[in-house]
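S.K.: We have chain A; now place chain B onto it with these hints.
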Amino acid sequence: MRDGTYKPLSEDIRKERAKTLVNVLIKENIDFATGVPCAVQKFIIGEIENSRILHVPSVREGEAVGIAAGASLAGRKVVAYMQNSGFLNSIHDINSLLISYHIPVLFLVTWRGAPGEDAVHHLQDGKMFLKVLMEMEVPFFVLSPHNIEKGVKWCIRKMTKKEIPAVVVIKRGVF
Amino acid sequence: MKRREVLESIFKLRPENSIVISTTGLIGRECFELVKNDRHFYMAGSMGLVSSIALGIALNKPRVIVIGVEGDGSILMNFGGLITVGVWKPKNFIHIVLDNSSYDSTGGMKTYSPKVKLEHIAKVLGYEHTTVVYTLSEFETEFKKSIEEGGPVFIRVVIEKGGKRNLPRPKNLKEIADSIRNFLQRW
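Here the protein sequences line up with chains A and B, keeping their order.
First residue of the first sequence: 1, per my numbering; consecutive thereafter.
First residue of the second sequence: 1, per my numbering; consecutive thereafter.
Extracted from the complex, chain A is given alone in its bound form (with noise of 0.2 angstroms):
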């Protein structure tokens, strides 16, 4: 928001649209997920966790990265969760090991210190976050309430094709 402030969602709202993306992810035969817990992706979190899909949280997103290489090698369709923070601390082994080595991992990150964001120390991560993507030339969408399906599908098309991660970016005031 222009203004420095996120309009605040209802919960109700906020467990819909986690709904829709999980629902997705199992439309798209997504049967593994791991990852680092963001306040923002709480209700996708939550629906993951009852769902089919085989959830093995992490400790650290680049931890993460690993178990989701090692899933994905074994034939799982795989999703990793994690805020952009972590996503950023884990650069040199998604390069490295995913890019590298061709494994396509989906990834749900949240971007923290986006226009608007009232935590200070996210800024920096938040300004760099697109850019890094970019030049890492990953795949990503920047998901609004209105294309959630449309973006989860062309990361999940996206990253099939190319057998290399895609990034489906969350962002605070949408989730």
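Hints are supplied without guarantee of correctness; some may be wrong.
[As the list claims (entries may be wrong)] Using 30 angstroms as the maximum straight-line C-alpha spacing, the simulated BS3-like pairs for lysine-lysine come out as follows:
| hint | chain 1 | residue 1 | chain 2 | residue 2 |
| --- | --- | --- | --- | --- |
| 1 | A | Lys77 | B | Lys145 |
| 2 | A | Lys153 | B | Lys174 |
| 3 | A | Lys161 | A | Lys77 |
| 4 | B | Lys89 | B | Lys144 |
| 5 | A | Lys162 | A | Lys127 |
| 6 | B | Lys171 | A | Lys162 |
| 7 | A | Lys77 | B | Lys91 |
| 8 | B | Lys2 | B | Lys171 |
| 9 | A | Lys19 | A | Lys42 |
| 10 | B | Lys110 | A | Lys42 |
| 11 | B | Lys171 | B | Lys89 |
| 12 | A | Lys127 | A | Lys150 |
| 13 | B | Lys174 | A | Lys162 |
| 14 | B | Lys161 | B | Lys110 |
| 15 | B | Lys91 | A | Lys131 |
| 16 | A | Lys161 | B | Lys174 |
| 17 | B | Lys174 | A | Lys77 |
| 18 | A | Lys161 | B | Lys91 |
| 19 | A | Lys158 | A | Lys19 |
| 20 | B | Lys144 | A | Lys77 |
| 21 | B | Lys145 | B | Lys174 |
| 22 | A | Lys77 | A | Lys42 |
| 23 | A | Lys162 | B | Lys36 |
| 24 | A | Lys158 | B | Lys171 |
| 25 | A | Lys7 | A | Lys162 |
| 26 | B | Lys174 | A | Lys27 |
| 27 | A | Lys131 | B | Lys144 |
| 28 | A | Lys127 | A | Lys171 |
| 29 | A | Lys77 | B | Lys171 |
| 30 | A | Lys158 | B | Lys174 |
| 31 | A | Lys162 | A | Lys150 |
| 32 | A | Lys15 | A | Lys150 |
| 33 | B | Lys36 | A | Lys161 |
| 34 | A | Lys131 | A | Lys150 |
| 35 | A | Lys77 | A | Lys7 |
[What the hints assert, rightly or not] Where chain B lies over chain A, by a calculated footprint (3+ residues, C-beta under 8 angstroms):
| hint | stretch |
| --- | --- |
| 36 | 55-62 |
| 37 | 71-79 |
| 38 | 114-120 |
| 39 | 151-162 |
Since the hints were derived computationally from the structure, they do not count as laboratory data.
Heads up, the beta-carbon is just placed ideally off N, CA and C, and yes, glycines get one too.
M.R.: Chain B only, in chain A's frame:
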């Protein structure tokens, strides 16, 4: 005990339904010289992630024995990963740490490993069987036992510093991933 002796022994004794994940640096390069892509995933880069990749495979392919091989420097880099292994306890994971108390690939700087009883911590974190070995015959006994009895098993192998340095590097990493993926597909 020399690094190469242990690696040769692993490849000699491992069963048909096993894969080896080896860490970046001299260990992985020496494994690559010994077996190339034959049921061997040489993890170039992403230092520390051997146990995590192994966990991701082991949980999804319970009939495959996953052998993770890394050094003391490598395991210290992703020690938190052992927590997740200990919680999920994959029976088909054998975790081998070649401990020379140094970062040998980068020039032999000391690690903290002499101050940390790695096998004790692995035990506390939930590995089923943990041990330390000082001779090749001890290692072979423990390794064979792990294959038969299951785990997760943690074997710290105390080795000498040094060894061959002129070792090959893979050029086509996708080929390595494809080869492992194809093997795993059959299980």
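S.K.: So which of those numbered hints doesn't the model satisfy?
M.R.: Violated: hints 1, 10, 11, 15, 18, 20, 21, 25, 27, 35, 38, 39.
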